[in-house]
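> We have chain A; now place chain B onto it with these hints.
Listed in order, the protein sequences are those of chains A and B.
At position 155 of the first sequence the residue is numbered 155 (this note's numbering), and the sequence of numbers has no breaks.
Converting from the second sequence to this note's numbering requires adding 1000 to each position, the first position being numbered 1.
What the hints contain is simulated information worked out from the structure, not anything from laboratory work.
Note that beta-carbon positions come from the ideal geometry of N, C-alpha and C, so glycine has one too.
There may be inaccurate statements among the hints.
As the list claims (entries may be wrong) - Pair by pair, the computed Cβ-Cβ distance ranges are: (1) B:F1152 <-> A:H195: 29 to 39 Å; (2) B:F1194 <-> A:N167: 15 to 25 Å; (3) B:A1166 <-> A:D205: 38 to 48 Å; (4) A:P112 <-> B:T1212: 14 to 24 Å; (5) B:G1020 <-> A:Y170: 51 to 61 Å; (6) B:G1020 <-> A:R74: 36 to 46 Å; (7) B:V1149 <-> A:R74: 21 to 31 Å; (8) A:S166 <-> B:R1170: 18 to 28 Å; (9) B:G1111 <-> A:D205: 52 to 62 Å.
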Amino acid sequence: MPLIIEIQHLTHCFADGTIGLADISLDIEEGAFVVIAGANGSGKTTLLRHLNGLLLPTSGTVRVAGVSVADDPRRARMRVGMIFQDADSQIVGETVHDDVAFGPENLRLSRPEVGRRVDGALAAVGLAELAGRRPHRLSGGEKRRLSIAGVLAMQPRVIVFDEPFSNLDYPGVRQVLGQMVALHRSGQTILLTTHDLDKVLAHADRLVIMQHGRIVADGLPATVVSEAETFDVRSPQAAQRGGRGLSWLN
Amino acid sequence: MPPRHGRVLDVRLKLVLMAGVSVAGLGLGFAGLALLMAPLVILFSVFRPAARVQFSELRWLFFLLALVFIARVFSTDGTPLAGLGPVAVTREGLREGTLVCLRLVLVFIVGAAFIATTRSAEIKAGVEWFLKPVPWVPAARVATMLSLVARFMPVILEQAAKTSDAQRARAGENRRNPIRRLTAFGIPLMRRTFETADNLAVAMEARCYSETRTDPELTTGRKDWLFFGTAVALILTAAAL
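Isolated chain A (complex conformation):
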C-alpha cells in the first residue's frame, strides 16, 4: 500500500518553550487503521494537529499524499478530516443539514454538489432522518456521528479521531465504533488517539504508543499491547489474559 502520511523528525515547541513533540518519525499506509495511545499530555493531539496544518512543525516535515502540510495547509485539510474530542465545539451549523454542508460550502462546490454530498454523508452515518434537527439537541453518539458526516462530506482520504469515545455511554461508543469500522472496511485510512485501548484495539491493525512527546512503541497491536502499561496506558482486559482484546461490537 502507498504511504498517505509521512512524518520525518517532527519536533514541536510551544510558545512557552514546552516541547510538545520530540523527533517524531512515522509513516502510515493508505487504508490502515492506526491507534495512537498515550497518557494525558503525551502529545497525541499535538501530533494529530500537524496532519492538517492546525499546528506547524518547529522542525521536521509532515507530508500528506506526498505534499508538505506546511506548504499547503488547505490541501492537507481537504485530505485529512479531523473529528475533535469535544463534539459540541465542532458544531457550526444551525441544523444537522447545515452543519454537514459547512465543509463542502468552504470548498466552494456548486450548490447541487453540496446537496449531494450532504445527503450521502448523512445516509452513511444514519442521520438522514434528522437533517432538519438542531444539532445541540442530538444525543452524544449522534453528535459524534454528525461530526463524522461533516468530515465525510469533504471526502478526505484520511479520517483522524481525537479521543472519539470520551463522554459517550455504551450505546454511543458502539454507534461510533461501528461507524469507524465500516469506514475502514470501505478503504478509508483511520487514525485514532485514545488512552483507553479496550474499546478499539480489536479493530486496529497498528498500535503506536506515545509518552512525553515521543513514540515509545510501534507495531502490531498484539505485540505492542504487552508493553502498554509500562507507558501509563491500561491494557485491555483480554490482552492482560494473553489475547488481543474483544470487540465492543459483538
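Chain B in isolation, oriented as in the chain A frame:
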C-alpha cells in the same frame, strides 16, 4: 435534499425591515409602538414557543431597562407626582421612561426575530450583497465578521448559563457584594467563552473555513414581497400615528 431550516423571508428584505423598524422606532409614540409590537408578539407566541422560554433568562435586559426607566423618571422635568429627597418623580418622566423602554423592547424583539429565523450563512450572504457595490469596503470580510458574531452569541449565552449554574451549585448567590459577584461571574465566563470560541475557530479552520465559500442562493418570491409590503405599510402607519 433541500435545507430543512425554515426560510421565513429573504434575508435582504429582513435586513431592510430591521433597519427600518430600528430607525422608525426612535420617533414612535405609544400608538405606533403598539401597532408594531402587537403583530410581532403574536408571531412570536404562535410560531416560536421556545423563544418565549428564553425571555425568562433575559434578566440582564430587564435590569438594563429598569436602569433606563429610573434614569428617565428622575431626570425629566415636568409636573411632580412624588418627591424623593432632592429629586422628584414627574408625570412626564414616567411617560418618557415607559416610551424609551418600549422602543428598546421593540428593537430587541425585531433583532431576536431576525436571529431566530436567519442562518448565519444567510446573514453573511445578505450583508455581502448590500456591501458589494460600496467601494473600498471589504464586503466579504465585513459580512463574515457579522455572521460570526451571530454564530458566537449562543456560545456566550450558553457559557453564561453554565457558569451561573456552577456558581449557584456552590451558593454563589449568597454573596451580597455586587462587585465581587460580578467579578466571580465575569472572569470565569470570559475565560470559558474564549476557550470555547477558540475551539470553535480551530474546528472551523479544520474544515477549510474562508471568506469565499458557497453562499446560500438569495431569491425573492411573491410571498416575500407581500410580507415586505405589509410590513413597510405598518411601519409607515406607525410612524404617522
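> Hint by hint, say whether it matches the structure.
Each hint tested on the structure:
1. B:F1152 <-> A:H195: 29 to 39 Å: With Cβ atoms ~31 Å apart, the hint holds.
2. B:F1194 <-> A:N167: 15 to 25 Å: holds (22 Å)
3. B:A1166 <-> A:D205: 38 to 48 Å: holds (43 Å)
4. A:P112 <-> B:T1212: 14 to 24 Å: holds (19 Å)
5. B:G1020 <-> A:Y170: 51 to 61 Å: With a Cβ separation near 54 Å, G1020 (chain B) and Y170 (chain A) satisfy 51 to 61 Å, so the hint holds.
6. B:G1020 <-> A:R74: 36 to 46 Å: Since G1020 (chain B) and R74 (chain A) have Cβ atoms about 41 Å apart, the given range 36 to 46 Å holds.
7. B:V1149 <-> A:R74: 21 to 31 Å: holds (25 Å)
8. A:S166 <-> B:R1170: 18 to 28 Å: holds (25 Å)
9. B:G1111 <-> A:D205: 52 to 62 Å: Since G1111 (chain B) and D205 (chain A) have Cβ atoms about 54 Å apart, the given range 52 to 62 Å holds.
In this structure, every one of the numbered hints holds.
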